[in-house]
Amino acid sequence: MSTENEGNTVPPAPSAPPVPVETPAASPHPAAPQGGPAAPPPPDVPPYVPGAQGGPAPQGPGAPVDGSWPPPSPATPAYMDGGDGGAGGSGWGAAYQQQPAPKPGSRRGGLVAAVLVAALVAGGLGGGLGYTLARNDDSGSTTVSASDTGASQVKRDPNSIAGVAAKSLPSTVTIEAEGSGGRGGTGTGFVFDTQGHIVTNNHVVADAVDGGKLSATFPDGRKYDAEVVGHAQGYDVAVIRLKNAPSDLKPLALGDSDKVAVGDETIAIGAPFGLSNTVTTGIISAKNRPVASSDGGSDSKASYMSALQTDASINPGNSGGPLLDARGAVIGINSAIQSASSGGLGSAGQSGSIGLGFAIPINQAKYVAQQLIKTGKPVYAKIGASVSLEDTINGAKITDQGVSGSAPVEQGGPAAEAGLKPGDVITKLDNRVIDSGPTLIGEIWTHKPGDKVTVTYKRGGKEHTAELTLGSRIGDS
Numbered sequence: 001m002s003t004e005n006e007g008n009t010v011p012p013a014p015s016a017p018p019v020p021v022e023t024p025a026a027s028p029h030p031a032a033p034q035g036g037p038a039a040p041p042p043p044d045v046p047p048y049v050p051g052a053q054g055g056p057a058p059q060g061p062g063a064p065v066d067g068s069w070p071p072p073s074p075a076t077p078a079y080m081d082g083g084d085g086g087a088g089g090s091g092w093g094a095a096y097q098q099q100p101a102p103k104p105g106s107r108r109g110g111l112v113a114a115v116l117v118a119a120l121v122a123g124g125l126g127g128g129l130g131y132t133l134a135r136n137d138d139s140g141s142t143t144v145s146a147s148d149t150g151a152s153q154v155k156r157d158p159n160s161i162a163g164v165a166a167k168s169l170p171s172t173v174t175i176e177a178e179g180s181g182g183r184g185g186t187g188t189g190f191v192f193d194t195q196g197h198i199v200t201n202n203h204v205v206a207d208a209v210d211g212g213k214l215s216a217t218f219p220d221g222r223k224y225d226a227e228v229v230g231h232a233q234g235y236d237v238a239v240i241r242l243k244n245a246p247s248d249l250k251p252l253a254l255g256d257s258d259k260v261a262v263g264d265e266t267i268a269i270g271a272p273f274g275l276s277n278t279v280t281t282g283i284i285s286a287k288n289r290p291v292a293s294s295d296g297g298s299d300s301k302a303s304y305m306s307a308l309q310t311d312a313s314i315n316p317g318n319s320g321g322p323l324l325d326a327r328g329a330v331i332g333i334n335s336a337i338q339s340a341s342s343g344g345l346g347s348a349g350q351s352g353s354i355g356l357g358f359a360i361p362i363n364q365a366k367y368v369a370q371q372l373i374k375t376g377k378p379v380y381a382k383i384g385a386s387v388s389l390e391d392t393i394n395g396a397k398i399t400d401q402g403v404s405g406s407a408p409v410e411q412g413g414p415a416a417e418a419g420l421k422p423g424d425v426i427t428k429l430d431n432r433v434i435d436s437g438p439t440l441i442g443e444i445w446t447h448k449p450g451d452k453v454t455v456t457y458k459r460g461g462k463e464h465t466a467e468l469t470l471g472s473r474i475g476d477s
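According to the numbering used here, the sequence shown is numbered sequentially starting from 1.
I should point out that these hints are in silico values taken from the structure, not numbers from a laboratory.
Keep in mind that a hint or two might mislead.
[What the hints assert, rightly or not] Quick list of the computed label-pair ranges, beta carbon to beta carbon:
hint	residue 1	residue 2	range
1	Ser404	Val433	26 to 32 angstroms
2	Gly182	Asp400	42 to 48 angstroms
3	Glu265	Glu467	36 to 42 angstroms
4	Pro449	Ser404	18 to 24 angstroms
5	Asp220	Asn288	34 to 40 angstroms
6	Ala286	Gly475	30 to 36 angstroms
7	Gly263	Pro219	26 to 32 angstroms
8	Asp248	Glu463	53 to 59 angstroms
9	Ala166	Asp451	37 to 43 angstroms
10	Ser406	Lys287	31 to 37 angstroms
[To be verified] The list that follows gives simulated cross-link-like pairs (lysine-lysine, BS3-like), each with its CA atoms no further than 27 angstroms apart:
hint	residue 1	residue 2
11	Lys243	Lys259
12	Lys366	Lys448
13	Lys213	Lys366
14	Lys213	Lys428
15	Lys250	Lys421
16	Lys428	Lys462
17	Lys223	Lys167
18	Lys377	Lys250
19	Lys259	Lys428
20	Lys458	Lys448
21	Lys250	Lys374
22	Lys458	Lys377
23	Lys287	Lys155
24	Lys452	Lys366
25	Lys366	Lys243
26	Lys377	Lys452
27	Lys448	Lys287
28	Lys374	Lys213
29	Lys448	Lys374
30	Lys366	Lys428
31	Lys213	Lys223
32	Lys223	Lys366
33	Lys448	Lys428
34	Lys366	Lys287
35	Lys462	Lys259
36	Lys458	Lys421
37	Lys377	Lys243
38	Lys155	Lys167
39	Lys250	Lys223
40	Lys243	Lys223
Beta carbons: idealized from backbone N, C-alpha and C, even for Gly.
Work out the full structure, taking the sequences as your base and the hints as a guide.
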């Protein structure tokens, strides 16, 4: 799984999705493909999950649960967008390239058809694959057409998947981000308010933060230039604002992610591999899943979440899109996936969804988005201590040395005031079991500065508890 700040390896950045190629004119009766080389599979998107098999845990000295940022990034990153925020590797977006202009003189009045080439993995299928062109032949036809009278028209319940999709799609956008160096990618976002603010993932827009270009396209084709209002790398949340925003924006209703239950139905909307306005469904597979993810870049910093896990199909390009409940309320922001491959998008392993997707709970994302709109900077809760990012099942150990020469326990900070010392192993935060440093970071970030929490820790083989009030840190650095 991909986990933010879990001190685990994060999968490599996803590669760009396949670029449409010019297709030769088809013969009247095309034959099934025989023996030709298979189309290359789409890039992989592997995220790393703390405690999951398939990747070594980072060996860094530790991460500040409280203070300095950023903590060492996981060894292997994996966002859901193999290019969201950057074609070269931002994590959950789909990288894009400028498509060549259509050649003059094409058939059928210059009509250009977009062709989606799908790679079929069919082990042991007997026979060949082909298709037959339908002919206009009225002789001997026994087909029966359904009556088109009003009484027989399909009526869909507004609370059905089709009803929820019809209501929610107009409030989602496909985001294109391009950096000053030409690197770019695509991702997804959704309307947050009537002022033109769109919520998405940080890694979707990361390339466009410093002098880049951003645009957002609605399902009806309307396209708007946009600008970054604020971004939080640790949370992997960003807010952009449409320039010349229309007056008919309809924000998606926000649900309560704390009340979500395992087994609840989910609906995901996004642009997997550039296929905008795609709707997939599933259920909540698990809650409070510790996930540390990154885009795989050399200078990438990890983000951490206590995520909602879903089996709804999520792929590169879905990043930043809404995860809805059965009523159409947003319960999370799709952010990362687990892949069967140990590499990232573009590696030789399996790419795409295997039914393990992770979303940032909307209660946390809402708080972060409001802070970004208000001040442009994220605010993080902290305990004022640095913990090891090694992947363990025993707890989060306070390191003997802090980051960049700082003290492992901040003088006068929440941890120090509660009596915590280097070497203490934190095993619970309130009633949540803590099995590693990344898990502790993700859990702390589900709270707000000023919240009171109970910490359970071990020292010298004995268990102790302490109450402390979480401090705050402003910004990612």
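Check your understanding: So which of those numbered hints doesn't the model satisfy?
Key -> Violated hints (numbers, rising): 11, 14, 15, 22, 23, 35; every other hint is consistent with the structure.
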